[in-house]
Amino acid sequence: MMLDFDMGKYAAYVWPAWGISAVVLAALAARALLAARRWSAQLKRLENDPDRPQAAQGAVGQEGPQGARRALGQEE
Amino acid sequence: MFGLANPDRFARFTRPLVPVLWGAAVVLLIVGTWLAFTAPEDYQQGDTVRIMFVHVPAASVGLMIYGALGVSSFFALVFRHPLADAAARAAALPGAAYTLLALVTGSLWGKPMWGAWWVWGDARLMSELILLLFYIGYMALRASIDDEAKAARAAAVLGLVGLINLPIVKFSVDWWNTLHQPASLIRSDGPSLAEGMLAPLLVMMGAYLVFFLAVWITAIRTEIVRRRVLSIRARKALEA
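Chains as they are written, first to last, in my numbering: chain A, 1 to 76; chain B, 1 to 240.
So that you can see chain A by itself, here it is in the shape it has in the complex (with noise of 0.2 angstroms):
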């Protein structure tokens, strides 16, 4: 099997659709990553603060709606 990159006349359409596709999704994944890299970086800066609250650690094994929002530090 041969690539064909030549789109004749169908040219500016087919490659502005391919260009526009690869863009949104390296945006996308580039979003994706670079927020998940600051906001762990944030959370072990304040993970490592001698006053971090304690109230705020996990909760594993708490089960349910109310239990996650323990988990994430939302509920008492």
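Keep in mind that the hints were calculated from the coordinates and are not lab data. It should be emphasised that the depicted structure is a prediction, and the values quoted were computed from it without experimental measurement.
A partial selection of chain A residues facing chain B, derived with a Cβ cut-off under 7 angstroms:
#1 M1
#2 L3
#3 A17
#4 W18
#5 V24
#6 A36
#7 W39
#8 S40
#9 L46
#10 L72
Even for Gly, the Cβ is constructed at its ideal location relative to N, Cα and C.
Given chain A, work out where chain B should sit, using these hints.
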């Protein structure tokens, strides 16, 4: 399965999964692109048929994403589950991006084939545009309310309402006479696509789906971390 609804357990379970999903998405995208440009050109549509390999996956997965957003909104609204709310929130941006891609690439395909960039009144095009407006409305509503709990509830209601549009998008080509072609992949008598085009399309659909899962799970994990950070900050501010 429901045990994963605990944010800590979800974070632990998905930690090794995330790099696998990103890797699989990249591989599938490369293989799908290679197959798309080795597939034969269509005898009627010529090389424009290669737009199908980015248009159909964006449209179909964009529709699935709204289903995920709607179901997550239901659990967020009924059970007030923060992970369900995080899942709904994390699905909105990739869903909007996919739907926008479906509209733009569809327009680029429509111009050489139909002679028009856009056809007002075409049921498939209009319902797809409405889907994009639901995504944008969902994100705008969340952004417009400062209280995150209230924003989550309001957005969840909107997310649920938008589910009504999904069957309309899917079956619009069957229910009304539209310029848009009828379904050629999911049909009662099997796919009507030529074999040489079916494989690249299925691989690209898999690629778009796995790519979304990678973005989605990464964003849900980030949302869990973000809420912990905000919670710790709020507690510190209270203690100060």
